[in-house]
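Q: Each chain, written out:
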Amino acid sequence: MSFPEIFAITEDELDLNALLAAITLDSTGAAAIFTGMVRGVTVRNHPHETTYLEYEAYQPMAEAKMKQVAEEIRARWPSIEGIAIVQRVGRLYPRTPTVLIACTAAHRDTGVFEAARYGIDRLKEIVPVWKKEVGPQGEEWVEGDYHPRPGE
Amino acid sequence: MNPVKVLFFATLRHQAGVRSTEIEIPEGITVRQLKERLVERFPGLDWQVMDHCLASVNQEYCADEDIIPPGAEVAFFPPVSGG
Chain A
756 MSFPEIFAIT
766 EDELDLNALL
776 AAITLDSTGA
786 AAIFTGMVRG
796 VTVRNHPHET
806 TYLEYEAYQP
816 MAEAKMKQVA
826 EEIRARWPSI
836 EGIAIVQRVG
846 RLYPRTPTVL
856 IACTAAHRDT
866 GVFEAARYGI
876 DRLKEIVPVW
886 KKEVGPQGEE
896 WVEGDYHPRP
906 GE
Chain B
252 MNPVKVLFFA
262 TLRHQAGVRS
272 TEIEIPEGIT
282 VRQLKERLVE
292 RFPGLDWQVM
302 DHCLASVNQE
312 YCADEDIIPP
322 GAEVAFFPPV
332 SGG
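First to last, the sequence lines map onto chains A and B.
Per the numbering used here, the very first residue in the first sequence carries number 756; after that it's consecutive.
Per the numbering used here, the very first residue in the second sequence carries number 252; after that it's consecutive.
Heads up, a few of these hints could be off.
[Stated by the list, open to error] Label-pair ranges, simulated between beta-carbon atoms:
no.	chain 1	residue 1	chain 2	residue 2	range
1	A	P815	B	E275	21 to 29 Å
2	A	R829	B	E275	26 to 34 Å
3	A	R846	B	E311	48 to 56 Å
4	A	S757	B	N253	50 to 58 Å
5	B	I318	A	H902	33 to 41 Å
6	B	H265	A	P833	37 to 45 Å
7	B	P254	A	R829	20 to 28 Å
[Claimed, not checked] Far from chain B, by Cβ distances over 12 Å, these chain A residues were calculated:
no.	residue
8	Q823
9	E827
10	T853
11	E895
Simulated from the structure, these hints should not be mistaken for laboratory data.
Please read these numbers as outputs of a predicted model, since none were measured by experiment.
Virtual Cβ for every residue (Gly too), placed ideally from N, Cα, C.
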C-alpha cells in the first residue's frame, strides 16, 4: 500500500488545511503539523527586527532531498501514513508561514510528533534552501552550520 | 573536453554575479579543481568561501576529491538555511 506524499518548493501561499486533507486517509486518526513562520521580532540570542526574508531554493535537488527526508521518517516510524513537506520561497513578511512538515498516522502514540520534529530538523540540514534576512540594519544571508556527508 | 553546467546559490550567486554558467573542463577533473577554475573565471568569488562551501554533483552532495562526470550539473552553495 502506498501512502500520500507531497514534496514541494512553491511561491504560493501555504494552504495548511488543503495540505492536511491531502495526507489524511480513512485510517488516519492523528496528525502532527509543524509550520514555521517569519519572525518579525527576535528576542533570543541576538535581539533584532526582521522586515522580511527572501528565500531561494535549488528546486529539483530540494524536492529530491525532501523525498529522502520522508524515506528516513518511514524507516524510523513505520506507522506513519501521509507525509507533506513544503517550503515556500520568495519574499516573505513577518507572521507568514514559510514551511510545513505534516505527518499523519492512525493514532497519536505511534511516533507522529517525533516524525514531524525529525522532518523539520532534517530539512534544515540537507534540503538546499537559503534565506536572506532584511531588516533596519541592512541585509544578510543566513547560513546553516551542517555539512552533509557525500551522498547524504 | 567535458562540458558541465555550474549553478551558484545564495552568497555564492551574489559573488559570482550569475546564477549559472557552462564550462568546459578536461575529463578526470575533481570538484576542488573545478572550484579553482571558477575562482579564476569569476573574480568576485572568494576562495575562502568556495573552499568551505557545499557542493553537489547531479543533485547529490559530493566531496572535493570526487571526479566530475561528463555533462554533470554541479552546484555550489553555503550550508542550507531553509525552514
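Q: Each hint should be assessed against the structure and marked as holding or not.
A: Hints, one by one, checked against the model:
{"no.": "1", "hint": "P815(A) x E275(B): 21 to 29 Å", "result": "23 Å, holds"}
{"no.": "2", "hint": "R829(A) x E275(B): 26 to 34 Å", "result": "42 Å, violated"}
{"no.": "3", "hint": "R846(A) x E311(B): 48 to 56 Å", "result": "30 Å, violated"}
{"no.": "4", "hint": "S757(A) x N253(B): 50 to 58 Å", "result": "39 Å, violated"}
{"no.": "5", "hint": "I318(B) x H902(A): 33 to 41 Å", "result": "20 Å, violated"}
{"no.": "6", "hint": "H265(B) x P833(A): 37 to 45 Å", "result": "43 Å, holds"}
{"no.": "7", "hint": "P254(B) x R829(A): 20 to 28 Å", "result": "38 Å, violated"}
{"no.": "8", "hint": "Q823", "result": "10 Å, violated"}
{"no.": "9", "hint": "E827", "result": "15 Å, holds"}
{"no.": "10", "hint": "T853", "result": "7 Å, violated"}
{"no.": "11", "hint": "E895", "result": "10 Å, violated"}
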